[in-house]
Amino acid sequence: MKTFTQIKKIATLWLYTDVNTNNKRSITQGGFKMKPVRFLTAMVVMILSTQMVFAITPAGTTITNVATGTYADVNGNDMGSVSSDPVTTTVSSVGGVTLQTDLTRL
Amino acid sequence: MPIIQFSKNAKLTSRSSETLASNVTGFAQTWEFPMKHRTVTTLLLTVLLATVGLAQGAPQLVIDLSEEKVNQSTDERSGTNDIAYFPGDTIRYKLQARNAGSGIMTKPVVTDPIPQGVSYLAATAKGEDSIIEYSIDGGVSYHNWPVTYIVRNAAGQNIEVNATADMISHIRWLIQTELPAQNYKNLEFMVEVN
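Keeping their order, the protein sequence lines are chains A and B.
Note that my numbering numbers the first sequence so that position 73 is 73, with each residue one more than the last.
Note that my numbering numbers the second sequence so that position 170 is 170, with each residue one more than the last.
If you are wondering where the hints come from, they were derived from the structure by calculation, not from laboratory data.
The structure displayed is predicted, hence computed values, not measured ones.
By construction, the Cβ of each residue, glycine as well, lies at the ideal position given by its N, Cα and C atoms.
There could be a bad hint or two in this list.
What the simulated footprint calls covered on chain B by chain A, stretch by stretch (three residues with Cβ under 8 Å from a Cβ of chain A suffice, anywhere in the stretch; the number is not a length) [as the list claims (entries may be wrong)]:
{"hint": "1", "stretch": "124-132"}
{"hint": "2", "stretch": "138-146"}
{"hint": "3", "stretch": "149-160"}
Label pairs and their in silico Cβ distance ranges [as the list claims (entries may be wrong)]:
{"hint": "4", "chain 1": "B", "residue 1": "N158", "chain 2": "A", "residue 2": "A59", "range": "14 to 22 Å"}
{"hint": "5", "chain 1": "B", "residue 1": "R92", "chain 2": "A", "residue 2": "P36", "range": "45 to 53 Å"}
{"hint": "6", "chain 1": "A", "residue 1": "A55", "chain 2": "B", "residue 2": "R92", "range": "43 to 51 Å"}
{"hint": "7", "chain 1": "B", "residue 1": "S102", "chain 2": "A", "residue 2": "T70", "range": "52 to 60 Å"}
{"hint": "8", "chain 1": "A", "residue 1": "V74", "chain 2": "B", "residue 2": "R38", "range": "39 to 47 Å"}
{"hint": "9", "chain 1": "A", "residue 1": "N75", "chain 2": "B", "residue 2": "T74", "range": "51 to 59 Å"}
{"hint": "10", "chain 1": "A", "residue 1": "T64", "chain 2": "B", "residue 2": "N186", "range": "19 to 27 Å"}
{"hint": "11", "chain 1": "B", "residue 1": "N162", "chain 2": "A", "residue 2": "G80", "range": "12 to 20 Å"}
{"hint": "12", "chain 1": "B", "residue 1": "I131", "chain 2": "A", "residue 2": "A55", "range": "14 to 22 Å"}
{"hint": "13", "chain 1": "A", "residue 1": "D85", "chain 2": "B", "residue 2": "A123", "range": "46 to 54 Å"}
{"hint": "14", "chain 1": "A", "residue 1": "S81", "chain 2": "B", "residue 2": "S66", "range": "17 to 25 Å"}
{"hint": "15", "chain 1": "A", "residue 1": "V66", "chain 2": "B", "residue 2": "L174", "range": "27 to 35 Å"}
{"hint": "16", "chain 1": "B", "residue 1": "A155", "chain 2": "A", "residue 2": "A59", "range": "44 to 52 Å"}
{"hint": "17", "chain 1": "B", "residue 1": "N162", "chain 2": "A", "residue 2": "P36", "range": "20 to 28 Å"}
Short derived list, chain A residues pointing at chain B, Cβ under 8 Å [claimed, not checked]:
{"hint": "18", "residue": "T41"}
{"hint": "19", "residue": "M43"}
{"hint": "20", "residue": "T61"}
{"hint": "21", "residue": "D85"}
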């Protein structure tokens, strides 16, 4: 349902914008006060950012590595398999970032 | 009783005591053993082989695994700060395949699954005297680099595509030389924290 709403908004932007006297698009009916290209760019950036956030390994995650090996004796007899001791690494938390209003543009 | 007879003028022979007593003339030295020389030879060979076998012993593979952060900060390098791992950091895993036994090791193979939370970095796997193979299917099959897989394009044709480094699930080193006792081979690869 949310996706349908977003599609409807995007369609509204494309369908109900018009070229004004300054040769720039402006919304004539409802929707956002944002240019379609800028809006779409923002959407793409937002989606990609969301995917990146999901791909990042969370802080506190333990990365464990264990190697295994097989070998034979001089006569070619299989001597079974062995494993290394595990090596673990813990992912630290990234320092927080505070977003503030850009006062220089006020 | 059977004997073995050694002399200056005669070849090694095996005869009975009675035969020897009736035929000995002009021997400077004579040693007698109560068994045939073939039996002695067999016994000596058996002892020799057993000795070699005991000295040879069995091989034993030990894999020493360690890791290090590649992109350490100055403070981390100097020990001022503890080493911390963040997404984007690079880790080098070092493996040493060692023969801790007393016999010669053959066909050593070392396999390392890429841990969860990291991705393999292309062209970073190395290994002494090793053929390196990669898997993109969880270790079911291994291939030389580049690993390829088949996809169907929009036209319905099957095309071969090169796998990317982050698709690698396992790395395998096939060590091509025998590994004598107490010898080892160094292997390594690098990953990036996701």
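Cβ-Cβ distance between V66(A) and L174(B): within 27 to 35 Å?
-> violated (19 Å)
Hint validity - M43(A) Cβ closer than 8 Å to any chain B Cβ = Constraint on M43(A) not satisfied, violated at 24 Å.
Do A155(B) and A59(A) keep their Cβ atoms within the hinted range of 44 to 52 Å?
-> With Cβ atoms ~45 Å apart, the hint holds.
Hint check for R92(B) and A55(A) - Cβ pair distance inside 43 to 51 Å | Violated: the Cβ-Cβ distance is about 22 Å, outside 43 to 51 Å.
With respect to the beta-carbon atoms only, verify the hint that I131(B) and A55(A) lie 14 to 22 Å apart.
-> violated (32 Å)
Could you say whether the range 17 to 25 Å given as a hint is met by the Cβ separation of S81(A) and S66(B)?
-> holds (20 Å)
Please count how many residues of the stretch 149-160 of chain B have a CB within 8 Å of a CB from chain A and say whether that reaches 3.
-> violated (count 0)
Restraint satisfaction for D85(A) [CB to CB of chain B, less than 8 Å] = Constraint on D85(A) satisfied, holds at 7 Å.
C-beta pair N158(B), A59(A): status relative to the range 14 to 22 Å that was hinted | violated (42 Å)
Chain A covers the stretch 124-132 of chain B, three or more CB atoms within 8 Å, holds or violated | violated (count 0)
Outcome of range test on Cβ distance (S102(B), T70(A); 52 to 60 Å) | violated (19 Å)
Does the Cβ distance between N162(B) and G80(A) fall inside 12 to 20 Å?
-> violated (35 Å)
Figure legend: structure checked against the earlier numbered hints; hints not met, in rising order: 1, 2, 3, 4, 6, 7, 8, 11, 12, 13, 15, 17, 18 and 19.
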